[in-house]
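Chains as they are written, first to last, in numbering that gives the first Met the number 0: chain E, 0 to 163; chain S, 0 to 163.
You may find that some hints are simply not true.
Because identical chains share one entry, a pair is satisfied inside a single copy or across any pair of copies.
As the list claims (entries may be wrong) - When the alpha-carbon atoms are kept at most 25 Å apart in a straight line, the in silico SDA-like pairs for lysine to any residue are as follows: (1) Lys98 - Gly152; (2) Lys98 - Ala69; (3) Lys96 - Gly152; (4) Lys82 - Leu6; (5) Lys98 - Asp150; (6) Lys98 - Arg146; (7) Lys82 - Met0; (8) Lys120 - Thr78; (9) Lys82 - Leu1; (10) Lys82 - Asp150; (11) Lys82 - Asn44; (12) Lys96 - Leu107; (13) Lys98 - Leu71; (14) Lys96 - Val142; (15) Lys98 - Ala85.
Just so you know, these hints were derived from the structure itself, not from any lab.
In this text, all values refer to a predicted model and were calculated from it rather than measured experimentally.
There are 2 protein chains.
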Amino acid sequence: MLERTPLALTGLLSGLPDGWLQCNEGEGTWNAVQVVDHLIEGEINNWLPRLTHILQEGESSPFPPFDRFAHLQAGSDRTLEEKLLAFSDIRSRNIAKLKQLVDQGLPLEQTGAHPAFGVVKVRELLSTWVAHDLTHLAQIVRVMANRYRDDVGPWIAYLGILNR
Amino acid sequence: MLERTPLALTGLLSGLPDGWLQCNEGEGTWNAVQVVDHLIEGEINNWLPRLTHILQEGESSPFPPFDRFAHLQAGSDRTLEEKLLAFSDIRSRNIAKLKQLVDQGLPLEQTGAHPAFGVVKVRELLSTWVAHDLTHLAQIVRVMANRYRDDVGPWIAYLGILNR
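Start from the sequences, fold in the hints, and give me the full structure.
Listed below in structure tokens is the structure:
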């Protein structure tokens, strides 16, 4: 599943005009490009670093909090296409590292200390990595659908995504 | 946007194991493959046929209701990969036909008669075609995320998709 996300995002977003890429759900909400930025940030600073931290430290020290808004500060001149490539690339490398760890007998029940939740397990971190991809993919799709909220006219009644 | 959906679905689903493809949200709900079936059905019997009907009949006769469950009856031996190809193929052909209509000056404000809603416009039908793709893409992503509901442990608190 982790391998699919960059392909799904590239399939969904590559080549779309700015109207689709820049729309959001109002002030303080993210557009599709900002979600891709956030996913790249997670590949760099969240998932594998936290996994490594758990494996090295166990519960003895909590892993540092992940700044879920860091990507909004980092101004970036990269185009969406460059960002999609960057995400694909770092994700592939991270999966390769994860597979190495699995081959070495990754202890799925090993526990670590989350700064807010307390005790968490390696397998929960890995499942969350996947579900986090899916939650942000759903976010992008929802934000984009919302752009057509008025345009669909009476059909809004049949469109679950516009009725949550 | 209509061009992106087959690519997004192929990116997301192609090659996934059955555990991901067969999971649903309980009895009477659809798995990812059934959603693809429904999208193919829509390309055959819903969007362009309705557009043609509006252009030919205006409001004088309502278009026939679309059976939203037709695809569940039609047993199909095709693999997911074959279905994804079939969807890509028929979608491409339908977009080509739509572009022809646009080139001929498609009347976006032309009205037709929806069997349940009454008066609808060509532009509302076209917007709904897009939003319908997005609602079903979101459905697939939500169904798949739900598979890891328990597995993510305490992180469920941060995963919007599991908290609706």
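Q: Quick one: which hint numbers does this structure break? Sort them smallest to largest.
A: 2, 8, 10, 13, 14
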